[in-house]
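Student: From first to last, the protein sequence lines are chains A and B.
Note that full-length UniProt numbering gives residue 74 to position 74 of the first sequence, counting from 1, and the numbers run on in steps of one.
Note that full-length UniProt numbering gives residue 257 to position 257 of the second sequence, counting from 1, and the numbers run on in steps of one.
Keep in mind the hints are simulated off the structure, nothing from the lab.
It should be emphasised that the depicted structure is a prediction, and the values quoted were computed from it without experimental measurement.
Careful: at least some of the hints might be erroneous.
Because identical chains share one entry, a pair is satisfied inside a single copy or across any pair of copies.
Unchecked claim - Simulated crosslink set (DSSO-like; lysine-lysine; CA at most 30 Å straight-line):
{"no.": "1", "residue 1": "259", "residue 2": "163"}
{"no.": "2", "residue 1": "301", "residue 2": "220"}
{"no.": "3", "residue 1": "302", "residue 2": "470"}
{"no.": "4", "residue 1": "139", "residue 2": "155"}
{"no.": "5", "residue 1": "70", "residue 2": "220"}
{"no.": "6", "residue 1": "302", "residue 2": "247"}
{"no.": "7", "residue 1": "301", "residue 2": "159"}
There are 2 protein chains.
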Amino acid sequence: MQKNESSCELVDADQLSVALIEAQYALKNTRGQKNAKSLVILVSGIELAGKGEAVKQLREWVDPRYLRVKADPPYMMQKDRAFWQPYARYIPAEGQILVMFGNWYSDLLSTALHVSAPMDDTLFDAYVAQMNAFEQDLKNNHVDVIKVWFDLSWKSLQKRLDKMDAEDQRWHKLHGLDWRNKKQYDNVQKLRQRFTDDWLIIDCEDEEIRDQEFAQYILKNLKHLPNYVTQVKEKWQQAEIPNELLKPSTEEMDEDEYKAELKKLTKKVAEAMRFDERKVIITFEGMDAAGKGGAIKRIVKKLDPREYGIYTIAAPEKYELARPYLWRFWTKLLEDEKISIFDRTWYGRVLVERIEGFASPVEWQRAYDEINRFEKDLTDNQYVIVKFWLAISKDEQEARFKAREETPHKRFKITEDDWRNRSHWDDYLKAAADMLQRTHTFYAPWHVISTNDKYTARIEILKAILKQLKAD
Amino acid sequence: MQKNESSCELVDADQLSVALIEAQYALKNTRGQKNAKSLVILVSGIELAGKGEAVKQLREWVDPRYLRVKADPPYMMQKDRAFWQPYARYIPAEGQILVMFGNWYSDLLSTALHVSAPMDDTLFDAYVAQMNAFEQDLKNNHVDVIKVWFDLSWKSLQKRLDKMDAEDQRWHKLHGLDWRNKKQYDNVQKLRQRFTDDWLIIDCEDEEIRDQEFAQYILKNLKHLPNYVTQVKEKWQQAEIPNELLKPSTEEMDEDEYKAELKKLTKKVAEAMRFDERKVIITFEGMDAAGKGGAIKRIVKKLDPREYGIYTIAAPEKYELARPYLWRFWTKLLEDEKISIFDRTWYGRVLVERIEGFASPVEWQRAYDEINRFEKDLTDNQYVIVKFWLAISKDEQEARFKAREETPHKRFKITEDDWRNRSHWDDYLKAAADMLQRTHTFYAPWHVISTNDKYTARIEILKAILKQLKAD
Numbered sequence: 001m002q003k004n005e006s007s008c009e010l011v012d013a014d015q016l017s018v019a020l021i022e023a024q025y026a027l028k029n030t031r032g033q034k035n036a037k038s039l040v041i042l043v044s045g046i047e048l049a050g051k052g053e054a055v056k057q058l059r060e061w062v063d064p065r066y067l068r069v070k071a072d073p074p075y076m077m078q079k080d081r082a083f084w085q086p087y088a089r090y091i092p093a094e095g096q097i098l099v100m101f102g103n104w105y106s107d108l109l110s111t112a113l114h115v116s117a118p119m120d121d122t123l124f125d126a127y128v129a130q131m132n133a134f135e136q137d138l139k140n141n142h143v144d145v146i147k148v149w150f151d152l153s154w155k156s157l158q159k160r161l162d163k164m165d166a167e168d169q170r171w172h173k174l175h176g177l178d179w180r181n182k183k184q185y186d187n188v189q190k191l192r193q194r195f196t197d198d199w200l201i202i203d204c205e206d207e208e209i210r211d212q213e214f215a216q217y218i219l220k221n222l223k224h225l226p227n228y229v230t231q232v233k234e235k236w237q238q239a240e241i242p243n244e245l246l247k248p249s250t251e252e253m254d255e256d257e258y259k260a261e262l263k264k265l266t267k268k269v270a271e272a273m274r275f276d277e278r279k280v281i282i283t284f285e286g287m288d289a290a291g292k293g294g295a296i297k298r299i300v301k302k303l304d305p306r307e308y309g310i311y312t313i314a315a316p317e318k319y320e321l322a323r324p325y326l327w328r329f330w331t332k333l334l335e336d337e338k339i340s341i342f343d344r345t346w347y348g349r350v351l352v353e354r355i356e357g358f359a360s361p362v363e364w365q366r367a368y369d370e371i372n373r374f375e376k377d378l379t380d381n382q383y384v385i386v387k388f389w390l391a392i393s394k395d396e397q398e399a400r401f402k403a404r405e406e407t408p409h410k411r412f413k414i415t416e417d418d419w420r421n422r423s424h425w426d427d428y429l430k431a432a433a434d435m436l437q438r439t440h441t442f443y444a445p446w447h448v449i450s451t452n453d454k455y456t457a458r459i460e461i462l463k464a465i466l467k468q469l470k471a472d
Numbered sequence: 001m002q003k004n005e006s007s008c009e010l011v012d013a014d015q016l017s018v019a020l021i022e023a024q025y026a027l028k029n030t031r032g033q034k035n036a037k038s039l040v041i042l043v044s045g046i047e048l049a050g051k052g053e054a055v056k057q058l059r060e061w062v063d064p065r066y067l068r069v070k071a072d073p074p075y076m077m078q079k080d081r082a083f084w085q086p087y088a089r090y091i092p093a094e095g096q097i098l099v100m101f102g103n104w105y106s107d108l109l110s111t112a113l114h115v116s117a118p119m120d121d122t123l124f125d126a127y128v129a130q131m132n133a134f135e136q137d138l139k140n141n142h143v144d145v146i147k148v149w150f151d152l153s154w155k156s157l158q159k160r161l162d163k164m165d166a167e168d169q170r171w172h173k174l175h176g177l178d179w180r181n182k183k184q185y186d187n188v189q190k191l192r193q194r195f196t197d198d199w200l201i202i203d204c205e206d207e208e209i210r211d212q213e214f215a216q217y218i219l220k221n222l223k224h225l226p227n228y229v230t231q232v233k234e235k236w237q238q239a240e241i242p243n244e245l246l247k248p249s250t251e252e253m254d255e256d257e258y259k260a261e262l263k264k265l266t267k268k269v270a271e272a273m274r275f276d277e278r279k280v281i282i283t284f285e286g287m288d289a290a291g292k293g294g295a296i297k298r299i300v301k302k303l304d305p306r307e308y309g310i311y312t313i314a315a316p317e318k319y320e321l322a323r324p325y326l327w328r329f330w331t332k333l334l335e336d337e338k339i340s341i342f343d344r345t346w347y348g349r350v351l352v353e354r355i356e357g358f359a360s361p362v363e364w365q366r367a368y369d370e371i372n373r374f375e376k377d378l379t380d381n382q383y384v385i386v387k388f389w390l391a392i393s394k395d396e397q398e399a400r401f402k403a404r405e406e407t408p409h410k411r412f413k414i415t416e417d418d419w420r421n422r423s424h425w426d427d428y429l430k431a432a433a434d435m436l437q438r439t440h441t442f443y444a445p446w447h448v449i450s451t452n453d454k455y456t457a458r459i460e461i462l463k464a465i466l467k468q469l470k471a472d
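Let the hints inform the model, and build the full structure from the sequences given.
Tutor: In C-alpha cells, the structure reads:
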C-alpha cells in the first residue's frame, strides 16, 4: 500500500540547505517564464508525529521569506461550499511555495471522524476522487501539488503521550480526538489509507530522519517539477455550428407587449432569485454589442442594490496570469454575494484565449473538462448557474457599432478591439459551437438567445432564468 | 448646521442618466492616467428614508456594471481593529465607484446607540476626527469620498411605519432600533449631527426629489473631482544625517558568546511575541545586504511555522498602483496573523519612491504624517510595531556584494538593482535621516541597528524586540 515509504539517507544539513535555497530561487526565477511553476505542499498526519517540527526545520533550511505557511482550523465538509473554496484564494502565484497544514484532506478526515454517523465509504471515496481531480487541474495549470503524511506507530504515539504533562495532553485531546483510544487511532489509519496512495509517508519515529526525508522529498520535487503540458495527440473535432448561431432569429416584439411583459417578469425574476435557497450565478457571453449590458440592467431592475454584485471581466492582470485561469473567478465567488452576475466569464479561456492564442491548444482543449468540473463543484454545493450565449447576426452587429459611433453618449462603448474581434467573427462562431457542445451540462445548461431584437431577447432571458430556477 | 441641505430642481431623467453614464466612463477612462481617481460614496440615514431605493434608482441610471455596492452588517467599534480595517480591502481602484451602505459612520452610530452605557461625546468626536483624517488621506491618494445622509422627519417616519404591515415592522425593529420611540429618534439625530457637517443631507419626504438630488450630487462630484495634489510651498527641511547612519558601529562579537546569547534570546523572543496579548508587527528597512534576511531567520527560529507570516515587499503591481500606496499593507494585515514580519515596508514611499521619483515631492512629503496615522491607528488597536533600520557602512556593503557574487549559492541574491541602489547611497542616507526624524514616534519607535558585524546586529535586534515588548 504505502509504496512511497522510503528509507532516507541522511545528508549534510548545510549542503541540503544550500541545495534547497538554490532550488527555491530557481523556482522563483521562473516567474513570467514559459516554464513558470508554483508548489503546494499538503501536510497531514498523526498527532505528535511532528509535522510542525518538520516544517519548522524546513523553514530554517530554506529562505523563509519564500516559503509561505497556512494553517486553518478544519472546515467541515458541508453542502454550501466546494471543498476547495476556503483554500482557493491562497493558491500560490508562479514562483511561490505554500505549505498547507489545514487542507481538504484534513477537512475530510475531521468530518469523517466527527460526524455523528460514520461517513459512508462511497461518499468518502467520492470526495477523494474530486480532490484528486482538482489537484490534477492545478497541476495542469502550473501549480504542482505534493502530499506528505507524517506517520507514527501506536506504540510511539503512546510513549510520546506518556512523556507529556497533563495540561498538554488535554490540549492534544482538544485537537479533536482521543489519541489514547486505540480504536480511534486505527480508524484514522484506516481512513487515511483510502487517500494516501500517492502521498509520501514518513515514519516519524526518528526526528532527524523525519526532517531530512521531508526536506529531501521537497528538494527532489523542486528539481524535477513535471511538465503536464504535452503535445496534442488527436485532431480536434470541430463541432458543427448550430443554426441559432449562424442565423439568429429576427422575430420582433411589439413595444407595448414588451413593456407589459417586462414589468411582470422583472418582478418575478427578482423574487425567484431572492427566495431560491441557492446562491445564483448568471453568466453572459456573446459577440460585442449583443446586448449583455442591457440584459443585465433588466435582470437587476427589481433587486435591491445590496442583493447582487456584477463582475465585468476584462483581460487578466499580471497577478492573475500568475495563477490558474480559474483563480480570479474562485476569488470573486468568495465575496459571498447572494446573486452574482458575470459580464463575460471563465469561458474566455475557450473563446478569446483560444482565438488570440493566449492559451495553447492543449490548454484550451483541456479547459472544457476543467470548467465542467468547476461548475459541477459549484452546483453540487448550493449554487445555481444560468449561462447565456447572446447570438446576433453579423449585419445587426455592424448596425449597432455604427449607431454607437454616431451617438455621443454611446461612443465610449465602442473601441478598436470591438472591430478587431469582429474580424474574427467566424473563429468566434466556431469556438462558441465547441463550447456549447462540450459544456452544455444537465447541471449548468446553456441558453442561446437571439438578440437581433432587443425586446424579444430580454424577455427570453428573463423567462429562461425563471425556467432554470423552476419558478416559471 | 446642515449647510449642504439644498432644494433640488428636477431634470429630465433620461438626460440625467446619459450625463451620469458619460461621467462614469470619463472616470473609468482616467485609469492609468496622471489624473486617475476613484470615488467612494458613503450612505447612511434614518430608517425608511429610502437610501436603498435611491441607490437602486442611481444604479438604474448609470451603467450598473461600473457602480459597485457594498453592504455589511455593522462592525461594532472595538479595540482589536482600526475602524477602517473591515473596509480597507474594498477601497476601489482608479476609475471605479463604490457605494458603501455599511461604513465607519454607521458603525460608530450603531456602537454609540447600542453600548450599555452611552458613549462619551469626547470619544465619539475623537472617532469622527480620526475618520475625517482617514478620508483626507484617501482623498490625497486619489480616492475621493462623498457622504450622503438620507433624512426623514419624525412625523413622516411614523406615517411610513403606519403603512407597513406588522411583519415588516418587526423586521425594521430588528435593524437595531425602535423607530417608534421618539427619544431614540432624537438621539440618532443628535448624534449624527456631530459628524454630518460636510455631508449632503437629503430630506426624503418626496421620493422623486430624493432620488434626483442624490444622483445630481454624484454627477456634480464626478464632474469636478478635486485635485488635492498641490504645489509644494515650503522648502524641504532636510534632517541632519545622524552619525549612526554615517558611521555605523563596527563593534564585533565573539562567536561563542554570540551562540550562547542567540540560543537564550531566540527562545525568549519567541515566547515574548507568542504571549503578548497584542498582534506583533516587525518591520525591516535598510540598505541592500544589510542582513534583513539573516535577522528574520533568527527572530522566527523558535516559532512554530504556523505562528507567523513573512511579507517580502517588492515593487507594487499594477492593481496595487491603482490604489492608495498603503492599500497593499492594509490588505496584508487582514490575514490576521499573530506575528507579521515585513521585509521592506510602507516606508518605501519615502525611500525608493522618493529617490526614484515614483512619488512626487508633495506626495512623499505628505506620507510621513499618513504613515504616522496608519501606525497610530494600529497601535491604538492591539498591535505593536517594532521598526528596524539596519545600518551598514558603504565598504561593508561592497564587501558583501562581492562575496555574494563569488559564492555560487548566494549569487542569486545580488542583482543589477542592488548596484544601482548603491549608486544612490547618499540619497538613501538623506531619505533615511528624514524618515527617522519624522516617524520616530512614542507608539512606533525606530531601532537603528548597525549590521557591520552580523553577530552583534542579530543580538541587538532580538534585545530590541524584547525591550519594546517590555519582556527584557
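Student: Run through the hints listed earlier and report the numbers of any the structure violates, in increasing order.
Tutor: When the structure is compared with the hints, numbers 4 and 6 turn out to be violated.
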